[in-house]
Structures are given as C-alpha cells and as structure tokens.
Amino acid sequence: MATRRPEGLTASLLIGPATLVVMLSLVLPLALLARYSLNKYDRRTFMIDAFTPENYLRFVTDPFYTGVLWTTFSIAIVTTLLCLILGFPIAYKLARSQTRWKSIGVLLIILPLFIGSTVRALGWMGVLGRGGIIDAAYGALGGSGISLLYTSFAVGIGILSINLPYMILTLQSVIEGIDARLEEAADSLGADPPRRFWHVVLPLALPGIGTGGILVFILAMNAYATPFLLGGARFQMMAPMLYREFAVNNNWPFAAAIAFILMLTTLSLTAVSGLLVQRRYKAQ
Amino acid sequence: MTDLFTPNRRRLLTLAAGAAAAPFAPAVLRAQEPGRVVMSTWGGDYAKLLTQNIEEPLLKPKGIEVVQDAGTEPTRVAKSIAQRRLPRGSVDVICVQAPAAYDLEDSGLLEPLDESKVPNLKYVQPTFATPYSIPHIYSPQVIAYSPERVKTPPKTFDEMAAYGSKVGILDNSYIWVAMAAALKQQGDPGKIAEVKGTLEKLIKAGARAYTSTEAFAPAIKSGEIDVGLVWHARVLFWTKGGVEMAASFPAEGCLTYVSSMCVLKNAPNKAAAFAYINAALDPRAQRGFADSMGYHPTITNAALEGDVAKRLALPEGAKLLPAPYPQLSAVRDDMNDWWRRLLDRR
Chain A
1 MATRRPEGLT ASLLIGPATL VVMLSLVLPL ALLARYSLNK YDRRTFMIDA FTPENYLRFV
61 TDPFYTGVLW TTFSIAIVTT LLCLILGFPI AYKLARSQTR WKSIGVLLII LPLFIGSTVR
121 ALGWMGVLGR GGIIDAAYGA LGGSGISLLY TSFAVGIGIL SINLPYMILT LQSVIEGIDA
181 RLEEAADSLG ADPPRRFWHV VLPLALPGIG TGGILVFILA MNAYATPFLL GGARFQMMAP
241 MLYREFAVNN NWPFAAAIAF ILMLTTLSLT AVSGLLVQRR YKAQ
Chain B
1 MTDLFTPNRR RLLTLAAGAA AAPFAPAVLR AQEPGRVVMS TWGGDYAKLL TQNIEEPLLK
61 PKGIEVVQDA GTEPTRVAKS IAQRRLPRGS VDVICVQAPA AYDLEDSGLL EPLDESKVPN
121 LKYVQPTFAT PYSIPHIYSP QVIAYSPERV KTPPKTFDEM AAYGSKVGIL DNSYIWVAMA
181 AALKQQGDPG KIAEVKGTLE KLIKAGARAY TSTEAFAPAI KSGEIDVGLV WHARVLFWTK
241 GGVEMAASFP AEGCLTYVSS MCVLKNAPNK AAAFAYINAA LDPRAQRGFA DSMGYHPTIT
301 NAALEGDVAK RLALPEGAKL LPAPYPQLSA VRDDMNDWWR RLLDRR
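From first to last, the protein sequence lines stand for chains A and B. Note that the working numbering has the first sequence beginning at 1, numbered continuously upward. Note that the working numbering has the second sequence beginning at 1, numbered continuously upward.
By construction, these hints were calculated from the structure, which means they are not laboratory data. All C-beta atoms in this analysis are idealised placements derived from N, C-alpha and C, irrespective of residue type, glycine included. It is possible that some hints are incorrect.
Stated by the list, open to error - Residues from chain B shown here face chain A by an in silico Cβ test under 7 Å; the list is partial:
(1) Thr72
(2) Asn336
(3) Leu343
Kindly produce the complete structure, drawing on both the sequences and the hints.
Put into structure tokens, the structure is as follows:
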C-alpha cells in the first residue's frame, strides 16, 4: 500500500501536459492581448505603453460600435434559433432511422463541413448575386433583376448553412441517447404526438439543444468570412471589424479591446444560457 | 624559390589580366554581396514575379539568396515598427505602397538612398523619385467603364460621379477616390477632408462599395455598375481575362499607385538589400513586371515594345500625379473612421 502512487498525483501528471499546452497557447496570448488593450495607439510608433481604459470606453460609448455588436448579436440569435427549428426534425429523423439510408444521411450532413466557409460563401455569391441563379430565375419569370447579395438576409443564410450541420450532429447524438421505449410508453399512455414531444422528447433533448445552441451561437458571433463576403462593405459585424482595426488600421490596442468585448459578450451570454438550460433540466 | 621570379608568358598574362580588372574591383566586390537578403513582400503573384524577374535572373548569379517574408502590408509594417529598437532587425527590404513608405520614413525607419548605393536610381522618373524608397512599379488611376453601356466615356471625376448608383468603389481604396475628387473639385488632391460631401452624395445616390477588388469585374460584367475608379493595371488584367471593360484617363490628371521598396535602417544585410533594389530597377526586371502584371516601368531606360507597349500606352498628355503623401498620412485615420460610419446602413 505504501508504494501505491497517490491518485491526485497520477491525475496531475496526466493532465499536466495538456494544461501546459493550454496555458502556453491560449492563456499567455490572451494575457498579452489584455495588456495591449490598455495601451494607446500611435500612428508613428504603433503602440504606446499605457494603462488606460479608453479603448473600452470608446467602444461602449459610441453608438456606432455598440450598433455593430447589436447586429452581430441579432444575426447570431436568429441563425441559432433557425438552426434549432430546421435542425431538430432532421436530427430526430436521423436518430430514429434504422435503415441503410441513415449513414448516407449522416454523410450528407457532414459533407459540407469538408468545404471551407470561404468557398461556401463564394458559392452563395454565385447564387445570390446579380446575374446569379436567383437573379436569372427571377428574370426568366419576368422580374427585372434582383440582387440579394450584401444584405443581412445573405449573411443570415450563409451563416445558417455553415452552422446547421453542427446543430444537427449534436442533436442527433443526444436524441439517439433517449430511449425510444420512453416515447412508446408515452404513446401507450395515450399521449398524442405533440404532447409526447413537449413532455418527453424535448425535456430529455434539452442538454443537446443547449450544447448545440451554444456551439452555433459562438460560431455565428465570431463569423468572419461569411459577413465579409456576403455582407459587403456596408454590413458590419464584429469579427470583420476587429480584423479591419487590427490588420488594416494597425490599431492593435483598439482591436484587442474589441476582441475582449466580443469574447466577454459571447462567454457571458453562453454562461447565462447554460445556467438557464441547467435549471430547466433540473426542474424536469 | 627562383621559379617565383622567373617571368614566363602565362604568368605575365595572369598579371596583366589582374591589373586590367583592378579598376573594377569595387564594383566586382559590390556585385558579390554574399549571403541572404530577407524580402518583406505581399504574397501571391507579386512575390512570384519578384522571384521570376529579379531574384532568379539577377541576384542568384551574384550569389545572393533571397528569403521572402510574405504577408499583408499592415502586418509587415507593424513588424518593422515593433523591431525598430533592435540593432539588427529580421528584414532587409520591405515592399509597401508609397503612402506606407512615407509613413515608415516619417517614423524614422528607413535608410536614405542615393546613387552610390543604388546606381540605377539615376534612371528613375523624377515624378516618382523619393530619397527614402525606390518606386518599383506604378499604375495610373483610371475611370473603368463598360463600353457596352457607356457610350460617351466620362472624362472627369464629376462626369463619372454623375452615374450615381452605377458607380463602383473599392472599399480598400476609397481614399484614392476621395483624392481624385479633391483633385478635380479642389484642384489639390491633398484636400481630402474637403470632399467628404462629394463621397457622401455618391454613397447616398447608391454607389456600390466592394470589399474585395475581385468583385469589381463581375459587377461591371453583370451590369450592377457601369463605371468606377481603379488602377489601369487592373483594367488590363480583367480585359485580358475576357471582361468587356475600357479605361478613360481623367482630364484633371491621374493619381498614381506606386509600389515602393525600402531598405530598413536595421537591415541585417544592407549591401545585399541595395543590390536587390538596384536589380528591381533593372530594365529587364521592369519589362517583366509590365508584361505579366500590366504595371508601368518607373525608369526611363525601359522602353516597352510590341504588344505590351500598345496595351500599356498612356494617352497623349496624360497627367500622372503621385499621391500627396504627407496630407494623406495626416488625415487617413480620421477618414477611415468617417468612411466606415458613412457606409454603415443602419
């Protein structure tokens, strides 16, 4: 017994390397970024060492920037809800399917993930743009040209198409874990399908809905290529704005502040929704 | 021992050859800056053409090995500024647009240049010469239009702006549109902030702004826009690619895009850096860039011939102007902020 290694030590040894990697590759750069966000921008010297909250104040006091944050949030919420509404039936069907078509269905869901988001955004440009598929079809029906590109609709549909597979796959795995006999039991007790869904399937799938929702919400909040390409110059979201401040204007302190504001907003919203789901789940 | 002092025909010839080469010794030494030069440049076609036209044919024979540090301009500029206090930086030559070269000089980062360091400087066209950088290539800003839909090509900025919702603006060079407006309306391209009203009118009229340069050609092709200010080289490139597009040179003058090369003060291998930018001003290299990219040579001794000469020909009396770099630098940050707010449609 005396030679047995204490459990705590084994655990520390096992998680040690991973913790070290995370510390080095995530926490340190973030700490550095946090430091930068308190500096001052100067065109000639690039960054002046300071300890000022002015970059954060500039963001929160200017309706232009808070407006961009609000647009980003609205797009993220709308696409997350749409992902949920459109994804749930597909995920349910896939999870309950026992035929050989199931694997083909899963493959079809995964397939778009093989293509980068930039390439898919370019594809949408071909569909939505002037002279694109929708425009041509509309013209053939007697319309006088329609361009849906560079609108919030284009950005929404672009993000939706990218995020939907994540939602479906998350939901599918959770629904598969729900015992089908529970639904049969509900049936046998006389519950009609809507009642069965509301009182049996939905509450049990809630953790999956929470996880999937958080996943696609984070992806939408941080979307870069889609709003950049499909939203154009006149549609502003956080990630392209952050990139512009950082890489075009070279204003690293302000870009760092924007990065932290985006990160903190996303994290706190995620935490709040996580708590809500947990509370609801426990209440069941 | 005696052999050493015995003159014979071969020995005499060797001595004579050595004596004859003596006056050229400094040039030979300068031409053989050995080692490595680090070139901070844009990636893609430009980097590839640097290799094809300058590095392989002109520098490799001199024993200069080139390492390219490719990236976007602001990132590379930030890196150079961050390394400013190091006695030896990591970059020798930096390729930037002329306005950024001015900023680097303004920040005190650039090595002064003269003909003793870069002999080919004597051939540089005076319009583009600066004491801190070499103009590598240039392209005038022209009014691109669809010859199919625009029957009378616009000859001035105002004639172009009259197209309202059919005007296309490249978001990343909107400030060049502002300078073109200032040139026409204020008679001075440096009065950039004074033409905010003109740009506002243009945007309110529904002019399109494109985040990527590549979006301009499809927009002309599909009829989304009819006109817009772009670099002449771009028009040549898109025309070559089969897009129906023509260029009109504004009567008030063309602002000119200049791609510069500069040597940093803390360059680890200055001799090789000078050799690099000297080679960039070599007629062979300049013709190579004109042929493949449609950018004009910046030197007086690289006359173009044949098809390239015809494609790149400037109309009689075309006025070329470098951008007013100090004024541009002074207002740029404020203008960028103003432009973003103007574009925002909420």
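Okay, the hints, checked on the actual structure:
1. The restraint placing Thr72 of chain B at the interface with chain A holds, with a minimum CB-CB distance near 6 Å, inside the 7 Å limit.
2. For Asn336 of chain B, the interface hint holds, since its Cβ comes within 7 Å of a Cβ in chain A; the closest pair sits about 6 Å apart.
3. With its C-beta approaching chain A no nearer than about 5 Å, Leu343 of chain B sits inside the 7 Å limit, and its interface hint holds.
Every hint, counting from the list given before, is met by this structure.
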